[in-house]
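Asker: Sequence lines, in order, name chains Z and B.
Here the first sequence stands for residues 1 to 274, numbered as in this note's numbering.
Here the second sequence stands for residues 1 to 288, numbered as in this note's numbering.
Think of the hints as simulated: they come from the structure by calculation, not from any bench.
One or more hints might be untrue.
[Said to hold, decoys possible] Derived Cβ-Cβ restraints for the label pairs, each shown as a range:
no., chain 1, residue 1, chain 2, residue 2, range
1, B, V195, Z, E106, 24 to 30 Å
2, Z, F44, B, L228, 34 to 40 Å
3, Z, L55, B, L228, 29 to 35 Å
4, B, P246, Z, H210, 27 to 33 Å
5, B, L228, Z, A38, 39 to 45 Å
Note that this is a predicted model, so its numbers are computed, not measured.
Every residue gets a Cβ at the ideal spot worked out from N, C-alpha and C, and that includes glycine.
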Amino acid sequence: MNVVILSPINNSLYTRLVIELCRREPGINVTGVILRRAFNWTRFQQEWKRDGSRLIKKIWEKLLLDNLETSVPENVMTQGTLAKQIGLQHSQVSKLSKAYSIPICEVDNFNVNKAIKFMSQCEPTVAVFTGGGLIRHNLLNNAGLGVLNVHLGLLPDYRGMDVVEWPILMKGLEGLKSIGLTLHYMDKGVDTGPILETREFGVLEKDDFHIIRLRLAGAMTDILMKGLKSIRDSKQAPQEQNIKAGKQYYVCHPRMTDIAHKKLANSLKKRHQN
Amino acid sequence: MKNLIEKMGSPILDSVCQLLNQPVNKEQHEILSNISCKELIKHSRANEWKSKSFFFDSLDGLSQIRKHETTHLIWGEENFAKVLNAMTIGSFKEDFSFVEFMDPFSRLTNPCITKRNKKAEKVLQNDNLLSSIIFGIANSEMIDRFFEVYPYRKLLKEKSYSGHLNNLFFAALNGNVVSSECNEFLESLLRNIEVRKTKWLGIDVHDVRQYAVVLRLYHLLVDASRLLNDWRFLNTALKVSDWVFPFLDKLLKTKNKKSWNRDDFCIHFHYSLGVYKQELIISSLIKI
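Excised from the complex, chain Z in its bound form (with noise of 0.2 Å):
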């Protein structure tokens, strides 16, 4: 089964592990990597009026520190652990790959003619999404079975953005029980495409928003290998959503953020005293 990796930028330490996880999978051969460069004028503005003031926080976070995963209790699970664990060797998607023989493909944007010729001649049974913007219906269409997208909330109740925050803030201690992660098909939609697999995820006394973000990614690689699998061995068929069962959540107001700490916080209290 062949493979492309979409990757958001050269230093994803999500991108690195999918890269060595599906070279360890027989069966499963990553025939191309789309890297998309960090620094372009085009995706700043195009993520600045996604994210706002939080991009700093975010280039902060992900380019200076190079993923440095900071306070994390020791039983959580990080992709930095997972790294450890299985003796991830390099610090960069482009030196992984030109250490396997990966074809690379460097572009500011996914959707240009570059990415989509790559696309059809590394020939893709299925490709996978690891960040990097919005794609659109050419590259899509060039992907094989699809783009795989792991989101970081349940499907198909919690599609956009801080779909982690938003249970809590709608449904209080009940929305604990709405944390999770859902393997889907991107589409034209935002997270409207047929899911795969979902996976809810206990939230422990002492969690915050940051050890939850954390273990949840920590995860994700899990839930898409166990998806690429499944693929492989054509055990699974993907469902269509119930798009109606759902809504779109936006990024959250930081007031909104406050009330959502408050909210986690009180909603454990309750659930221990209960």
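For chain Z, the structure is supplied; the task is to place chain B on it using the hints.
Answerer: Below, chain B alone, put in the same frame as chain Z:
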């Protein structure tokens, strides 16, 4: 604020009292004390806005007030029938020269209505006519006719001027209309504001009327979050408030409050009331 409203002359509707009776914490008190509604109301009494009807009209986000308290002329049955019939046959060219609007605020938001204080006012453009009709229906006792007009929203959907969608939004909320079609509309409204942001809101610092429109939208988003128990609307309201506040603050600071005109008063009042309600909702949201 509750006391101030009571002083202005009851009866105050139960829903308003209920809203205002919710506990306000210290932090909110500080925010509210900075609003200085007292000063505004004092000023309004001293000048041209003496009647309590204006006060109630200003509270237009709380639709119940208007329904029960106002003595203003809304729309005559005759006008309604005429307009609805014309819309049904798709003819917008008919001369609706003399249409009366109930809400003084709608005159601020509708750039085509230029002459105030006249019993009859002329509507010049079809788009504005349509939004005004919907607005009028929403404000009337004829809310059951809402769905007769609602399908025409598509004509307005792509307009950049936020007032159109704002009016539709207001209509949907006032009617407490919960249907799949209405939900679809509210979703598209959220998407428009969130994705296109200030570009969609069309803020122009030189046009005071645009502040009125945007603040009205802010106010309504806050109401929507309460009515629908959907905090996405509150989230969007907070963003709208952030975008407009620097402009608003500058605008209001450049004038002595004593020289405020009706527009300034309305803008400040809508903002103040929106902030007040927003803080009440946030306070209750944390406790849930």
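Asker: None of the hints should be skipped; say for each whether it holds.
Answerer: Hints, verified against the model:
no.	hint	in the structure
1	B:V195 - Z:E106: 24 to 30 Å	holds (29 Å)
2	Z:F44 - B:L228: 34 to 40 Å	holds (36 Å)
3	Z:L55 - B:L228: 29 to 35 Å	holds (31 Å)
4	B:P246 - Z:H210: 27 to 33 Å	holds (31 Å)
5	B:L228 - Z:A38: 39 to 45 Å	holds (40 Å)
When the structure is compared with the earlier hints, no violation turns up for any of them.
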